[in-house]
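> What follows is the residue order along each chain.
Number of protein chains: 2
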Amino acid sequence: MSSGFRTFNPSQNYWNPEVYFPTSKEELDQKLILLPFAQLEYGRLSIQGRADFLQAIHHSLSKEKNNIQKSYLRESGLSDLRFETEWKRTLDTIELFENSLRSGYYMFEKTQDFPSEAISIRKIACPIGPVLVLGSSNFPLAYSTAGGDTISALAAGCCVIVKAHAMHVGTSSIVADCINEAREALNLPEGIFTHVLDDGIQLAQQLCADERIHAVGFTGSFRGGKALMDIASARKNPIPVFAEMGSANPVILLHGISPEKRKLFAEKLALSICNDAGQFCTKPGILFVQANEEGQSFIEALKSSIENSAVVPMLHPDIHRNFEHRKSEIGSIPEVKIQQSALEYKGIEGKWAIAETTMPTFLQYPNLHEEVFGPFSLIVTYQDITELTSGISILSGQLTGSVFYEEKSNFVEECIQLLSQKVGRIILNDVPTGVRVVETMQHGGPFPASSDVRFTAVGPDSLFRFQKYVSIQRKNIP
Amino acid sequence: MSSGFRTFNPSQNYWNPEVYFPTSKEELDQKLILLPFAQLEYGRLSIQGRADFLQAIHHSLSKEKNNIQKSYLRESGLSDLRFETEWKRTLDTIELFENSLRSGYYMFEKTQDFPSEAISIRKIACPIGPVLVLGSSNFPLAYSTAGGDTISALAAGCCVIVKAHAMHVGTSSIVADCINEAREALNLPEGIFTHVLDDGIQLAQQLCADERIHAVGFTGSFRGGKALMDIASARKNPIPVFAEMGSANPVILLHGISPEKRKLFAEKLALSICNDAGQFCTKPGILFVQANEEGQSFIEALKSSIENSAVVPMLHPDIHRNFEHRKSEIGSIPEVKIQQSALEYKGIEGKWAIAETTMPTFLQYPNLHEEVFGPFSLIVTYQDITELTSGISILSGQLTGSVFYEEKSNFVEECIQLLSQKVGRIILNDVPTGVRVVETMQHGGPFPASSDVRFTAVGPDSLFRFQKYVSIQRKNIP
Chain X
129 MSSGFRTFNP SQNYWNPEVY FPTSKEELDQ KLILLPFAQL EYGRLSIQGR
179 ADFLQAIHHS LSKEKNNIQK SYLRESGLSD LRFETEWKRT LDTIELFENS
229 LRSGYYMFEK TQDFPSEAIS IRKIACPIGP VLVLGSSNFP LAYSTAGGDT
279 ISALAAGCCV IVKAHAMHVG TSSIVADCIN EAREALNLPE GIFTHVLDDG
329 IQLAQQLCAD ERIHAVGFTG SFRGGKALMD IASARKNPIP VFAEMGSANP
379 VILLHGISPE KRKLFAEKLA LSICNDAGQF CTKPGILFVQ ANEEGQSFIE
429 ALKSSIENSA VVPMLHPDIH RNFEHRKSEI GSIPEVKIQQ SALEYKGIEG
479 KWAIAETTMP TFLQYPNLHE EVFGPFSLIV TYQDITELTS GISILSGQLT
529 GSVFYEEKSN FVEECIQLLS QKVGRIILND VPTGVRVVET MQHGGPFPAS
579 SDVRFTAVGP DSLFRFQKYV SIQRKNIP
Chain W
129 MSSGFRTFNP SQNYWNPEVY FPTSKEELDQ KLILLPFAQL EYGRLSIQGR
179 ADFLQAIHHS LSKEKNNIQK SYLRESGLSD LRFETEWKRT LDTIELFENS
229 LRSGYYMFEK TQDFPSEAIS IRKIACPIGP VLVLGSSNFP LAYSTAGGDT
279 ISALAAGCCV IVKAHAMHVG TSSIVADCIN EAREALNLPE GIFTHVLDDG
329 IQLAQQLCAD ERIHAVGFTG SFRGGKALMD IASARKNPIP VFAEMGSANP
379 VILLHGISPE KRKLFAEKLA LSICNDAGQF CTKPGILFVQ ANEEGQSFIE
429 ALKSSIENSA VVPMLHPDIH RNFEHRKSEI GSIPEVKIQQ SALEYKGIEG
479 KWAIAETTMP TFLQYPNLHE EVFGPFSLIV TYQDITELTS GISILSGQLT
529 GSVFYEEKSN FVEECIQLLS QKVGRIILND VPTGVRVVET MQHGGPFPAS
579 SDVRFTAVGP DSLFRFQKYV SIQRKNIP
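These protein sequences, in sequence, are chains X and W. The opening residue of the first sequence carries number 129 in the numbering used here; numbering runs sequentially from there. The opening residue of the second sequence carries number 129 in the numbering used here; numbering runs sequentially from there.
One chain only, chain X, in its complex shape (with noise of 0.2 angstroms):
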């Protein structure tokens, strides 16, 4: 029997008086026996009644924007200003979808005729089956409850069940009742959506390994993705994982950029670590910038520019003690010279931090390759192109990869070549961060940023993770 678990506002630094128990084995199986009846009928549902559904859910979640707002900024310490960004973006990653269904943009059924032998053959693409979906810390709602693996899920026909994060049950709740006000308001079953609480891994462990989950999505840590991946290999039916484990994002630098551009670019970058505290999967983690007078430039810059910029709390006391487990990891390597903000602590802020070394030092640490999640990042300087070349390459696969240049040189273009090989999107002068929900977006990579590099988990084709075919060949008999 549990003991009951809180969430924590950060802005405040304390924890909020809601005490929220996790869901029970008689309920969860209660909810488990709904699942095949429930996929059985949504499956049937047509596209435009899954593209109704969409509408319906983003109608209820715009009438409760003001109780997921306070919400949200009690459980996430973000800002105003993030919760309108983000809200907006969860709102038009809804209509996206629903607007995907009913334009025609994707092919749910393709036929082809063979009169010489009286057949015709109709694939469909139907829904994999319930998904399982486990919401990030970083987006309380955009890779959350309605964040895009529910909403894709949904798109595709599947019914979902949530497990919501622990630091954020008070908003998932709210968002989930949302969701099934607009399925109640279209006398849709229940099962299609389900929402469960959790403040440990059991429960999606065993959600995962449950012959009635056909697919999962995840958003988080490699850890959890990769625990997520194994139990589902593991399994008498194994099934599709599709994590996002995150990245440390790599920019590069070239040489010939001007001054002000230089100004430029470190302003954007200084920005692009220290915004929201860093707590971004795309967040510039790694900076290869030239060992010679510009790049010093560029480097200083930078630094006046972190310098400047705001130290607000974290999402959660645990993801501050990781951010300051792995500035201190870092710092302690002889060779990494490691600055940070001065401020005093009031409670749990994300105190910025610019870590530098040299390449060689860089390819002999491998604790330098990974992720700091936080308001991080480390300057690599290289000597010449040979170094660059090995700094990228011992890289593991990322989500993003950017470089920053004025003139357009053969080398840019192998820089891109170089990078597709290791990341999902490439970025040309721009910041990683400020993920599109377009069409063209590939949020994904190469193992271990993502579980499978052949999707994308942002943008609509991101509801072919939940898709499976099948063909119907008929033959006419006279």
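In short, the hints are calculated from the structure, not lab data. Wrong hints could be hidden among the right ones.
Any copy will do: because identical chains look the same in the list, a pair fits if it lies in one copy or spans two.
Calculated lysine to aspartate or glutamate pairs in the EDC-like style (CA-CA distance at most 20 angstroms, straight line) [said to hold, decoys possible]:
| no. | residue 1 | residue 2 |
| --- | --- | --- |
| 1 | 354 | 339 |
| 2 | 191 | 305 |
| 3 | 193 | 220 |
| 4 | 216 | 192 |
| 5 | 391 | 421 |
| 6 | 603 | 541 |
| 7 | 198 | 212 |
| 8 | 238 | 421 |
| 9 | 603 | 395 |
| 10 | 536 | 223 |
| 11 | 389 | 245 |
| 12 | 364 | 498 |
| 13 | 603 | 208 |
| 14 | 603 | 535 |
Start from chain X and add chain W according to the hints.
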């Protein structure tokens, strides 16, 4: 040091004299070292360049038809007629991919402009990287060295490394030479196509674990496919495995079929069960027939057709041994009647067998649900729709499911619904053998029929197994 191995001639019932040796560790290392560069080069080739390569493979194979045929017959025991069918299918598949590349069937890139932000994003499809292909035993051409997996991977821009099936290394080597001849004719680098030999599973396992391999295509047994899936997911960087692992291919006979059609269906099914010793992954292995006079007359018609069918050698002694073993396993269940060809063995003939039981027995013995590879089918009689539904529901994932009926009814639609949860292809009033290499084909199914229900192993869309995506986002800075 291996003592070498030989292939078997099923028609003559002897081991062919040629001795082959597994690829040595040194040879393998020399071949693998070429992969990264070859992948880079091949990945840069234009779509037209890839199409030209496929065309050149078609051309060089065509010139060697006689040699390939001779070797094929000696190593498989299959008939001239079967060779011609498989040969045509192999060449047609190459042509289909060539044409699909040239005609723009694949959308290899999409661009979106966001003028207000001075951003454009181009999303491109890229080869996933070098693909390991493990040829099947039952299709020495169409699912082997220049078969669907190899050709779709090459069409996707991936280097391919084929481990020849041990029982047709001679045929495989000629085909590999043709591919390499085509590669040389176009001045493409070595390493784009690699051919290796082994008489066991060691080399396949080693390659599946090698970090230079980025995906696997496999056609064969459940045990083999699942072993590869486990190796692939235990790697430092897990990779996708597309394993097509066979199936029992249930067939449902509904009531109300006229005597003429009953006879027609029985003849077609008999041929589908026995043709080429039933060595097809889509062979109908379980027949659900109603327990009444109509069903009985169908069973009699089926048996009399099967009794007249030719008994031909199986592909090799192991397959023959397994077939005999499975027949005796099934025959040992007291509630199962089994009847088989009374012909005397001259070698490794696949003697047809038909087993018969009731639904309650079928539900009781899981062994009856599994594929029997060879000219065998299990008739399961059902009393009513409830029994039939339990029979379908107890099955694991299948490649195909067929329904025979005369009048369309609601229950036909219900069967389609039920089967669409279980199978990749539903066939109405026809046999499941005879997979068409077309856009609308879904060859694959829920696990364990295949490893990933989201992909097909046949048709132009099988390329998507071996493709990843990269977005290139450009910011225009004035």
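> A separate judgement is required for each hint: does it hold in the structure or not?
Results for each hint:
1. 354 with 339: both (19 angstroms within a copy, 18 angstroms between copies)
2. 191 with 305: within (12 angstroms within a copy, 67 angstroms between copies)
3. 193 with 220: within (14 angstroms within a copy, 58 angstroms between copies)
4. 216 with 192: within (14 angstroms within a copy, 62 angstroms between copies)
5. 391 with 421: within (14 angstroms within a copy, 88 angstroms between copies)
6. 603 with 541: Close across copies (15 angstroms), not inside one copy (53 angstroms); limit 20 angstroms.
7. 198 with 212: Classified as within: same-chain Cα gap 12 angstroms, cross-chain 71 angstroms, threshold 20 angstroms.
8. 238 with 421: neither (60 angstroms within a copy, 40 angstroms between copies)
9. 603 with 395: Answer is between; shortest inter-copy Cα gap is 16 angstroms, intra-copy 66 angstroms.
10. 536 with 223: Classified as neither; 38 angstroms inside a copy, 39 angstroms across copies.
11. 389 with 245: For residue 389 and residue 245, only the inter-copy Cα distance (17 angstroms) is at most 20 angstroms; the intra-copy one is 66 angstroms.
12. 364 with 498: between (33 angstroms within a copy, 15 angstroms between copies)
13. 603 with 208: Neither: 61 angstroms inside a chain and 28 angstroms across chains, both beyond 20 angstroms.
14. 603 with 535: between (62 angstroms within a copy, 13 angstroms between copies)
Checked against the numbered hints given earlier, the structure breaks hints 8, 10 and 13 and satisfies all the rest.
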